[in-house]
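Participant: Residues per chain are reported as follows:
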Amino acid sequence: MKSFDDELNDAIQKALHDSFENFERKPRASIDQKIYEALDKPARVRPLLLSAAAVLVLLLGFGVKEMSERYASFRAITRSRATNEELKERANVVPLHGNIVVSTDQPSHTRHNASANPARPNIHRPLKTTAPAKPASMLHGHTKPVPYKVKAGAEAVLPAQNNTSPVIDSEHALPVQIQDNAVAYHDMDVNEIATGRLVPLPVDLAMPAISLDVNSEDSTSGEPEPRPVREKLDFPRYQPSDKKSFAWIFNLSATNTFQSIYLLPNAESRILKVSFPVSTANLGYKFSAGFQTLGLQWLFHYSHLSWKAEYIYAIDEFKADEQGANRYVFERLGKAETVTSKVELAGVGIKKQFDFKGKRSGRFFTQIGADYSRQLQSSGRNFLTGSISAGKVFTMNKNTDLIIGPYFEYNFNKVPTAEYSIKVRPNQVGLSLGLRMNRAK
Amino acid sequence: MELAELVKACQRQDSRAQAVFYDRYKSRLLGVCLRYAKTVAEAEDIFQEGILRIFAKINDIQNPQSIDNWVKTIMVRHAIDYYNQVTRKEMLSASHDDVKLDWENNDYTLLFSKLDISLLLEAINELPDGYRIVINMHFIDGYKHAEIAEMLGIKEVTSRSQLLKGRNLLIKKLEQKGIKQHEIF
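For the protein sequence lines, the chains are R and C, in the order given. Here the numbering used here is used: position 126 in the first sequence is 998, and no number is missing along the way. Here the numbering used here is used: position 120 in the second sequence is 219, and no number is missing along the way.
Keep in mind that the hints were calculated from the coordinates and are not lab data. There may be inaccurate statements among the hints.
Label-pair distances were calculated between CB atoms; the ranges are [unchecked claim]:
(1) C:A103 with R:E896: 43 to 53 Å
(2) R:K1207 with C:G241: 20 to 30 Å
(3) C:E249 with R:T1212: 39 to 49 Å
(4) C:G241 with R:D1227: 55 to 65 Å
(5) R:E1203 with C:R115: 23 to 33 Å
(6) C:R115 with R:A1126: 35 to 45 Å
(7) C:E255 with R:G1167: 46 to 56 Å
(8) R:A926 with C:E101: 35 to 45 Å
(9) R:K886 with C:V139: 20 to 30 Å
(10) R:L1155 with C:A103: 20 to 30 Å
(11) C:R127 with R:K886: 34 to 44 Å
(12) C:Q275 with R:A1192: 48 to 58 Å
(13) C:E221 with R:K1207: 42 to 52 Å
(14) R:A1153 with C:Q275: 51 to 61 Å
Over the 12 Å line for every Cβ pair with chain R, so calculated as not near, a few chain C residues [unchecked claim]:
(15) E104
(16) R115
(17) D122
(18) L133
(19) Y181
(20) N183
(21) D215
(22) G241
(23) E246
(24) I253
(25) T257
(26) R259
(27) K276
Note that the structure is a prediction, hence the values are computed from the model and not measured. For each residue, glycine too, the CB sits at the ideal point set by N, CA and C.
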């Protein structure tokens, strides 16, 4: 039985509802005018959208510039290596008086009796020489080279300079031209060869050695092979990028939206069922660009997300199933409607990356972050999300890391839908691909 | 133009369609604002901002058939937001004396039936914000207490309590306007 209060409420509700159900009041003409003027104004160019686009373009520009510089450096290094190889080859095979070969890569203290033999012109054999030792400074190309002079009959053992200095035992002196050529290459600073932002390489070319074909038995056959010069031309091993140093960050994530749904109480709701079909309509992407400093990544991002839901709305039709004698089960029928939502977001974010190194498995990373985004469409809704990702780090070169791994983003906001009794929380799961480019040193 | 087409045209920001849409809903929506507002000036403020908000959110509509409800709900929510921003503290902390009603008989079903709507609106407008909003939402717009609690960010029991106090105060105000119980019944 209803209480007095309830009955009074019902009466008032009926009275007020009936009184105000069709209550209308025409706005003043001045208000109409203001509204029409507001509607006639051209759509505002969204400052946030423009700013985000400008920042992305700027960052991309910096990124391209950085990449170009890196490419130039890489080309220069490659050219430098090629030049060094060429030098080595030139120095290896230089005919001298028909049977004398200039060689750079045979450091040894072995002595030979020099005698020309045209049948074996290219034997690279360590020799002793009577020539004075080339000053160490000359190897670095900072002083004027001192020409060789091989003194017949005399013996001198050159002090080994990085195990590459030749020892010549010959009564022939090198022609001045060849000496000059050989020394000229030595004199060239490697930084002159490799232009641009090139890290000086520990290139050390030996002075040419004279290999004379000998008739005598090779007395060096039992000695160990000398270390190849090539080893000294190798690039230094890449060190992992310093995670606290400044770096440009680019990130692209392919995402799939999955939703949590929240049904709110609503007397007028006619929804019988909600489902989320698996569909390509749930796919989206997120592009981020920014920089890393102070151990944190500061990013601007643009996302295009979409998700699909299927609602079944109740209609005024029922199905009655007979369950037995005089027993029926009634089921209300519904009409399905598919709703696809698309949102474009732009915003800012901050991330912290943790790097790990396995003994054999290489480098890994974990990222946690938070983003603030604003919807670019007219509703201008705000989104606050938290993200986590983890995966593998690949070192592309000294200053560039490529990261790849799964990605999860949780949306702290519930997003209203066209149905006021339903809110959804669109979360993202996907694959993230990122590039971290440290500032070239 | 059919309603679905009209909505789609508004979503394309077709200014002619927007004008038609506005003309279709303006009187009804101003009526809603007048109920929720304290004064006509406030109602007009809420109305203007609410209309622009409706056009800003119109892309969210996926089912044009429910547009009437949607439009009204947006305006009600905007009115609530307005008072949340302006007088939320007052709503939550206001302590109004309970008004006791002495009913001489049970013929209250005729209550308000003879009242002029302008007088009724005036009495509603004079209610404190919290009471006025809850009375509007529950008695006129048909929201349940759970919905009111969710939309206003209050407890359900608070909604019931506000409604009860508001109802009694409304009757009291009608009495003050010269309408006695014996005239009503």
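Participant: Take a quick look at C:L133 and tell me if its Cβ sits farther than 12 Å from every Cβ on chain R, holds or violated.
Facilitator: violated (6 Å)
Participant: Against chain R, does C:I253 hold up as non-interface, every C-beta pair farther apart than 12 Å?
Facilitator: holds (14 Å)
Participant: Is 43 to 53 Å a correct range for the gap between the Cβ atoms of C:A103 and R:E896?
Facilitator: 24 Å Cβ-Cβ, so the 43 to 53 Å window is violated.
Participant: State, for the Cβ atoms of C:E255 and R:G1167, whether the hinted interval 46 to 56 Å holds or is violated.
Facilitator: Holds: the Cβ-Cβ distance is about 48 Å, inside 46 to 56 Å.
Participant: The hint says 35 to 45 Å between C:R115 and R:A1126; measuring C-beta to C-beta, is that right?
Facilitator: 41 Å Cβ-Cβ, so the 35 to 45 Å window holds.
Participant: Would the non-interface assignment of C:N183 survive a Cβ cutoff of 12 Å against chain R?
Facilitator: holds (17 Å)
Participant: Taking the CB of R:A1153 and the CB of C:Q275, does the distance hold inside 51 to 61 Å?
Facilitator: Cβ of R:A1153 to Cβ of C:Q275: about 59 Å, so the range 51 to 61 Å holds.
Participant: Mind checking the hinted window 39 to 49 Å against the Cβ distance between C:E249 and R:T1212?
Facilitator: violated (27 Å)
Participant: Does the beta carbon distance between R:K1207 and C:G241 stay inside 20 to 30 Å, or does it fall outside?
Facilitator: Given a distance of about 24 Å, which is inside 20 to 30 Å, the answer is holds.
Participant: Confirm or reject the statement that C:T257 sits farther than 12 Å, beta carbon to beta carbon, from all of chain R.
Facilitator: Consistent with the label, C:T257 stays out of reach of chain R, its closest Cβ about 16 Å off (over 12 Å).
Participant: Determine whether the Cβ-Cβ distance between R:E1203 and C:R115 falls within the hinted range of 23 to 33 Å.
Facilitator: Given range 23 to 33 Å: violated, Cβ gap about 45 Å.
Participant: Non-interface claim for C:D122: all C-beta distances to chain R beyond 12 Å?
Facilitator: C:D122 is in fact no farther than 12 Å from some Cβ atom of chain R, at 9 Å.
Violated hints, listed in ascending order, are 1, 3, 5, 11, 16, 17, 18, 21, 22, 23 and 26; each of the other numbered hints is respected by the structure.
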